[in-house]
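Q: Taken in order, these protein sequences are the chains called A and B.
Residue numbering for the first sequence follows our numbering, beginning at 1 and increasing consecutively.
Residue numbering for the second sequence follows our numbering, beginning at 220 and increasing consecutively.
Just so you know, these hints were derived from the structure itself, not from any lab.
Just so it is clear, the structure is predicted and the values come from calculations on it, not from any experiment.
There may be inaccurate statements among the hints.
Here are the simulated DSSO-like pairs of lysine-lysine, each with C-alpha atoms no more than 27 Å apart in a straight line [to be verified]:
{"hint": "1", "chain 1": "B", "residue 1": "Lys257", "chain 2": "A", "residue 2": "Lys37"}
{"hint": "2", "chain 1": "A", "residue 1": "Lys38", "chain 2": "B", "residue 2": "Lys620"}
{"hint": "3", "chain 1": "B", "residue 1": "Lys563", "chain 2": "B", "residue 2": "Lys602"}
{"hint": "4", "chain 1": "B", "residue 1": "Lys620", "chain 2": "B", "residue 2": "Lys602"}
Rough simulated footprint, nothing fancy, chain A against chain B, three-plus residues with beta-carbon under 8 Å [stated by the list, open to error]:
{"hint": "5", "segment": "295 to 302"}
{"hint": "6", "segment": "331 to 345"}
Ideal Cβ positions, reconstructed from N, Cα and C, are used throughout, including at glycine.
What follows is each chain in one-letter form.
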Amino acid sequence: MHDIYNFVSGPLVWASFIIFFAGCLYRLISMAVLARKKDVFVYEYMSFKFGLRSILHWITPFGTVKWRKNPFFTIVTFTFHICIIFIPIFLSAHIILWKESWGVSWWYISDTAADVLTIVAIASCIFFLVRRIVLPEVKYLTSISDYVILAIVAAPFITGFWTYHQWPGFRIMGILHIIAGETMLAAIPFTRLIHMIFFPFTRGYMGSEFGAVRHAKDW
Amino acid sequence: MAEPAINKKDEINKVVDEGIDKGIARLTPEKIKQVINKVLASETGARLKAYVETCVHCGLCSEACHYYLSHDNDPKYSPAGKVKQTIWEILKKKGNVDPEFIRNASRIAYTECNLCRRCAMYCPFGIDIAYLMSIVRRLCHMLGVTPLYIQDTAHSHSACLNQMWVKEDEWIDSLFWQEEEAQDEISSLRIPLEKEGAETLYSVIAPEPKFRAQLIYQAAVIMNVAGVDFTMPATPGWDNSDLCMFTGDYEMMGRLKKAHFETAMRLKVKRIVMGECGHAFRSVYDVGNRWLAWKMPPIPIIHAVELYYELLKEGKIKITKKYDKPVTFQDPCNIVRGKGLHEKARYVVNAICEEFIEMHPNREHNYCCCAGGGVINTGPQYKMTRIKGNRIKAEQLFATKARGAKVIIAPCHNCHGGIEDINHHFGLDMELHFLGDIIYKVMEKPE
């Protein structure tokens, strides 16, 4: 058990962070090179001002017509995205690990707050799952990979919650939790989770076209 | 689990279309694969890749599409649903699709998407679904599977550089005819042909001389009264329309735009003013110029709405008595999502009409007329596709009518085509006009 723990919390962490950062960098650079080769006009039309204008509207809750038309979805998706980035970074248990390994630490949230946010994150995943199964327009677009991606994202939160509450089998669950977190990090560059990296560029480009060329809003 | 992209048992909208049928008959899986892979390799790159890999299959784009809304939220008509049935499948199978797949893809891309770009405002990632459907059209064009009627207009473009097989002498004759007619009203009126150094080149789409000649008459009256120094060309290059852009024949699109821009250059005009047409505006301002490697058009081009705005704002046109019927305004996608002319258009409408009633949604969020993007040009066999695909427009207009509107103003030929059919089919019973129709009616004219 200890050997496994040391392995997943040692070399595998390194591996997952390297895959995450190097993978994202690779995807970004290779996309930029491809664009330079095949869609060179993207560089011509990309506008910092209008791209940012569009991005800001879309990352503001209720900042677009679409967000206002679907208030419940908007609340869930914003909360969910904030939770999954916020919790792992500001969880006290994670910060202890950082401190033990690297001697660095920063502000963290209380365990109760972390508990609540984790439940929100898991509930959001369930909402997305139900949505995929129930709504015809989402179901039609759904493939197995969509469920797999959702599982990859939900797993660290479910296993983490389990471990923290020391439910039966929590030692194994703890190891699974670390593996799940590493899997998610490593999966980002190579799955549709890449939308995390590509969002500013796809949205920014559409914002540039709409703003600078077409003098219209795209939200 | 989700349905497969193509369900053979589906009742596919079976329309007899010789263009598609004969094109399909000539295809083999090998040929399809070869053409698809060649086009994708040489013409697509980062944008296609990023769009396909970023889409998280969330379905949020669905409610943007008038086809989806009009078909009781049938997911096959959602923007991403159409992408799933076409380009996703093509990429997934690396081009290994059969002729029947291409038949289906061609129907979807040419007749069930107007490339109106409303969905780009509903996808959080700003995925350009119109671009993805344009790729499908480009593939169908390269495979020779285009609907017969729109292909005929493309042939007309390539044979005589205009959309409607208008011969050179017929064009000149139509202008003389309209000039003579208008001289009965204003004796000094001229439609100057080939006037080198004029300030403005006025260009129209071929359906104007062909069957809406009164629009040339009205434009001539407006520009003569306002003292616009304009000219019209007597050579090919006068037509600003471009259905080749919509069939996927980009080589022809390039020829057309080149001819148009060069005509303006030859006449040494300072700018081009174009009639009330949406798709042509998209071609000269956004798509065609890019094919020719012009970031923006090589010569300033403005739409009629902008001209009217200028003339009214500067007082060059005076209104005797405002139009008294309550009007509503149809925002055409290609000049609103394409150039943001919605506020200028409203200025014009308010300047010439007593009462203006907004339809909802409006401006950038207005529903498409379902005729644009070349869909109306695919011919009469797809008329019901357009009408059934835009029940939502009828509902939108009925609601506006209930609030008192009696007249629809649409500064776009395609919007007219689409809304006329909807008006008739759903028994809407509203009048439909161009801005020019009303300006002509209410403006001060010399005795």
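Q: Next, verify each hint and record whether it holds.
A: Cross-check of the supplied hints:
1. B/Lys257 x A/Lys37: holds (16 Å)
2. A/Lys38 x B/Lys620: Answer violated: A/Lys38 to B/Lys620 is near 48 Å, above 27 Å.
3. B/Lys563 x B/Lys602: violated (32 Å)
4. B/Lys620 x B/Lys602: holds (24 Å)
5. 295 to 302: holds (count 4)
6. 331 to 345: holds (count 6)
Hint violations for this structure: numbers 2, 3, all remaining hints satisfied.
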